[in-house]
Amino acid sequence: MMATPPAASFGSDRGANQRKRAEWSMTLPLMAGLAIFAGYPLVYLVLLAFSRSDLGQQFQGFVGLENFDWALSGTNFSGSVGHAILFALIVSLVQLALGLYLAVILSKIVRGGRWLRTIVLLPLMTPPVMVGIAWKLILNPSGGWLNGILLRTGLIDDPISFFGNHDLAFPAIMLADTWQWTPLIVNLCFAILQGVPHDVEEAAALDGAYPKRIFWTVTLPMIAPALLSVYLLRVIMALKTFDLVYTLTFGGPGNATNIATFEIWKTALREFDVGLAAAQTLMFAITVSVVTLPIVLLHNHLEKRR
Amino acid sequence: MTASVQDTRTDRLIRFGFLAAMLIFFALPIVYLFSTSFKTPDDVLQGRLLPEAATLKNYPNAFAHVPVLRMIWNSVAVALLSGVITLVIAVPATYATIKLGAFRRTVPNITLASYAAPPIIALIPLFYLLQTAQLMDSIPGLALVHGLMNLPVAFWLLKSFVSDIPAEIDEAAWIDGAGYWHTLFAVILPLIFPGILATALICIILSYNEFLFASALTFSEASRTITVGMSLFQGERLVNFGQMAAASFTGMVPIYLIAFLFQKHLVGGLTQGSIK
Numbered sequence: 001m002m003a004t005p006p007a008a009s010f011g012s013d014r015g016a017n018q019r020k021r022a023e024w025s026m027t028l029p030l031m032a033g034l035a036i037f038a039g040y041p042l043v044y045l046v047l048l049a050f051s052r053s054d055l056g057q058q059f060q061g062f063v064g065l066e067n068f069d070w071a072l073s074g075t076n077f078s079g080s081v082g083h084a085i086l087f088a089l090i091v092s093l094v095q096l097a098l099g100l101y102l103a104v105i106l107s108k109i110v111r112g113g114r115w116l117r118t119i120v121l122l123p124l125m126t127p128p129v130m131v132g133i134a135w136k137l138i139l140n141p142s143g144g145w146l147n148g149i150l151l152r153t154g155l156i157d158d159p160i161s162f163f164g165n166h167d168l169a170f171p172a173i174m175l176a177d178t179w180q181w182t183p184l185i186v187n188l189c190f191a192i193l194q195g196v197p198h199d200v201e202e203a204a205a206l207d208g209a210y211p212k213r214i215f216w217t218v219t220l221p222m223i224a225p226a227l228l229s230v231y232l233l234r235v236i237m238a239l240k241t242f243d244l245v246y247t248l249t250f251g252g253p254g255n256a257t258n259i260a261t262f263e264i265w266k267t268a269l270r271e272f273d274v275g276l277a278a279a280q281t282l283m284f285a286i287t288v289s290v291v292t293l294p295i296v297l298l299h300n301h302l303e304k305r306r
Numbered sequence: 001m002t003a004s005v006q007d008t009r010t011d012r013l014i015r016f017g018f019l020a021a022m023l024i025f026f027a028l029p030i031v032y033l034f035s036t037s038f039k040t041p042d043d044v045l046q047g048r049l050l051p052e053a054a055t056l057k058n059y060p061n062a063f064a065h066v067p068v069l070r071m072i073w074n075s076v077a078v079a080l081l082s083g084v085i086t087l088v089i090a091v092p093a094t095y096a097t098i099k100l101g102a103f104r105r106t107v108p109n110i111t112l113a114s115y116a117a118p119p120i121i122a123l124i125p126l127f128y129l130l131q132t133a134q135l136m137d138s139i140p141g142l143a144l145v146h147g148l149m150n151l152p153v154a155f156w157l158l159k160s161f162v163s164d165i166p167a168e169i170d171e172a173a174w175i176d177g178a179g180y181w182h183t184l185f186a187v188i189l190p191l192i193f194p195g196i197l198a199t200a201l202i203c204i205i206l207s208y209n210e211f212l213f214a215s216a217l218t219f220s221e222a223s224r225t226i227t228v229g230m231s232l233f234q235g236e237r238l239v240n241f242g243q244m245a246a247a248s249f250t251g252m253v254p255i256y257l258i259a260f261l262f263q264k265h266l267v268g269g270l271t272q273g274s275i276k
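Protein sequence lines, in the order shown, are assigned to chains A and B.
127 is the number that the working numbering gives to position 127 of the first sequence; each next residue is one higher, with no gaps.
82 is the number that the working numbering gives to position 82 of the second sequence; each next residue is one higher, with no gaps.
The hints are simulated quantities; they were obtained by calculation from the structure and are not laboratory data.
Each hint should be verified, as a subset may be incorrect.
Said to hold, decoys possible - Just the calculated beta-carbon pair ranges, DEER-fashion: (1) I149(A) - N109(B): 46 to 52 Å; (2) A54(B) - L269(A): 38 to 44 Å; (3) L69(B) - L220(A): 47 to 53 Å; (4) A77(B) - L302(A): 40 to 46 Å; (5) P29(A) - A77(B): 18 to 24 Å; (6) G254(A) - N109(B): 37 to 43 Å; (7) Q60(A) - L69(B): 41 to 47 Å; (8) S289(A) - F16(B): 39 to 45 Å; (9) P141(A) - F25(B): 19 to 25 Å.
To be verified - Partial list, computed: chain A residues near chain B (C-beta under 7 Å): (10) A35; (11) A38; (12) P41; (13) Y44; (14) I105; (15) L137; (16) S142; (17) N147; (18) D243; (19) V274; (20) A285.
As the list claims (entries may be wrong) - Far from chain A by the CB rule (all over 10 Å, computed), these chain B residues: (21) L19; (22) F38; (23) E52; (24) V66; (25) A173; (26) A222.
From the three backbone atoms N, C-alpha and C, an ideal C-beta is built for every residue, glycine too.
With the hints as constraints, model all of the structure from the sequences given.
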């Protein structure tokens with residue numbers, strides 16, 4: 001702790017001291033908590049990544065860049081990072097579009113809006129593992145609701161195995177993800193729309209502009225920075241996706257739905273190669289920053305222009 | 001609405017259609033899961049929305065097959081304990097950062113950075129940490145991990161509630177000679193109670209729903225959570241869908257109860273915290 005108080009702008013030295021003490025005692029637990037949850041893991045991972053380590057025995061020897069090299073050349077890691085980025089960018093965009101449109105509709109509803117927003121809230125609250133189970137029931141080849149409908153209407157002759165099909169498995173996971181997270185976007189966009197000052201829109205309306213045109217030319221540019229923040233938040237969250245892949249496809253068929261978090265999990269807890277998993281994790285963390293950086297920059301740019 | 005030009009009828013029809021489609025989309029998986037929990041194995045294979053001959057047997061059978069209630073209890077215990085850990089750490093820190101200006105830039109930056117990092121980063125190191133601390137496979141161990149995990153979320157949710165308090169209020173308390181900790185407890189806490197409640201609810205739900213850490217850090221019946229237990233159903237060769245649906249639905253009840261009881265607080269917390 002500091003021995004000397006900073007500029008004595010807050011009364012006596014004693015008062016400044018007291019304030020410093022309060023600041024430290026109030027924030028120190030948070031710093032310590034984050035140090036345990038984020039700081040220590042990062043240091044530990046760096047050490048693991050440069051060593052030969054398995055789950056039972058870590059740090060068996062320094063191996064230089066061997067783990068990084070092997071992760072890129074000998075494993076499915078780079079493909080899984082590509083899958084993760086593709087997944088995050090696509091689901092976030094689809095969910096932002098659906099969520100914004102739904103929020104616009106809900107904001108026009110005068111009565112019963114709160115009741116509707118509760119229904120919309122339920123998917124968001126559902127544990128992701130149960131989301132996986134619910135969607136498995138809907139899409140299952142035997143006894144799935146969708147296959148039942150398609151078979152009964154004669155659109156297909158044989159049930160479709162959505163999660164066993166190389167081309168359909170990823171869209172199926174995206175569908176479940178969209179079900180779970182669009183509600184969050186709806187709620188955020190709803191709040192953003194509530195914050196739009198009405199006078200500008202009303203002025204445009206008095207000029208005879210159609211509501212649709214007002215939305216595209218007046219409202220949307222105003223809320224663009226806020227929408228970009230929502231998109232950024234959703235991309236960051238989507239890059240963490242793990243549960244849905246675990247419950248729905250286990251990365252399969254083949255490696256069709258193998259995303260980075262799942263690949264790392266497999267390397268660490270199924271193949272027990274913790275050193276390799278650490279190298280993968282570090283490279284994935286760097287990728288996450290690189291992917292989110294352009295969105296942050298664009299957001300700052302839009303924010304500044306206002 | 002006072003708009004001088006009204007939407008056309010087609011516009012309204014499209015909007016209504018989209019709203020209806022989305023509501024069905026949101027409700028369908030939950031309804032189908034609920035309905036499947038009353039189906040016999042033969043009934044399941046029909047793939048119809050409603051069971052033909054509803055049975056109540058799936059519930060007792062599922063409870064006999066896996067300790068569903070025990071796992072829900074474990075999840076609830078972890079969630080509540082982790083919520084307490086998160087709030088005890090986050091509330092004073094948020095107050096000090098926003099109102100006292102302590103580490104005004106550092107704290108928001110490190111919380112944001114820790115939130116952006118995928119949790120898989122922390123998995124392996126925390127695995128060893130819990131092993132060393134003798135907290136592996138225990139409710140306090142997982143609660144501690146979840147409690148720390150939710151710190152960034154709690155900070156950002158609480159931040160907006162604390163910022164909304166006019167500066168005069170706590171400054172008046174300081175001038176009256178109240179200590180900073182005393183001001184926090186006696187003046188600030190009552191004012192931001194709705195925010196604390198919303199934050200607590202969101203952190204509790206996040207912990208209850210969490211799977212990655214729970215699956216790696218709990219494995220015995222005494223501490224395994226419901227999300228881990230439900231994932232084990234997946235590994236079985238012959239899945240009884242009716243029982244799986246019954247167990248899943250039971251596991252979702254505590255969360256849906258919170259959603260219905262505290263709907264107003266939840267929506268307020270979600271939106272206020274993340275927009276500002």
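We went through each hint and held it up to the structure:
1. I149(A) - N109(B): 46 to 52 Å: For N109(B) against I149(A), whose Cβ atoms are near 50 Å apart, the range 46 to 52 Å holds.
2. A54(B) - L269(A): 38 to 44 Å: The hint (38 to 44 Å, Cβ to Cβ) holds, given that A54(B) and L269(A) are roughly 40 Å apart.
3. L69(B) - L220(A): 47 to 53 Å: 49 Å, holds
4. A77(B) - L302(A): 40 to 46 Å: 45 Å, holds
5. P29(A) - A77(B): 18 to 24 Å: Cβ of P29(A) to Cβ of A77(B): about 22 Å, so the range 18 to 24 Å holds.
6. G254(A) - N109(B): 37 to 43 Å: Given range 37 to 43 Å: holds, Cβ gap about 41 Å.
7. Q60(A) - L69(B): 41 to 47 Å: Holds - the Cβ-Cβ distance for Q60(A) and L69(B), about 44 Å, lies within 41 to 47 Å.
8. S289(A) - F16(B): 39 to 45 Å: 43 Å, holds
9. P141(A) - F25(B): 19 to 25 Å: 21 Å, holds
10. A35: 9 Å, violated
11. A38: Since the shortest Cβ distance to chain B is 4 Å, the answer is holds.
12. P41: 4 Å, holds
13. Y44: Status holds, d = 4 Å.
14. I105: 5 Å, holds
15. L137: Holds, because the Cβ-Cβ distance from L137(A) to chain B comes to roughly 6 Å (cut-off 7 Å).
16. S142: 6 Å, holds
17. N147: 6 Å, holds
18. D243: 5 Å, holds
19. V274: 6 Å, holds
20. A285: Since the shortest Cβ distance to chain B is 6 Å, the answer is holds.
21. L19: Incorrect as stated: the minimum Cβ-Cβ distance to chain A is 5 Å, not above 10 Å.
22. F38: Non-interface label stands for F38(B): nearest chain A Cβ at 13 Å, farther than 10 Å.
23. E52: 12 Å, holds
24. V66: Non-interface label on V66(B) holds, nearest chain A Cβ at 13 Å vs cutoff 10 Å.
25. A173: 13 Å, holds
26. A222: Its Cβ never comes within 10 Å of chain A, the nearest being 20 Å, so this holds.
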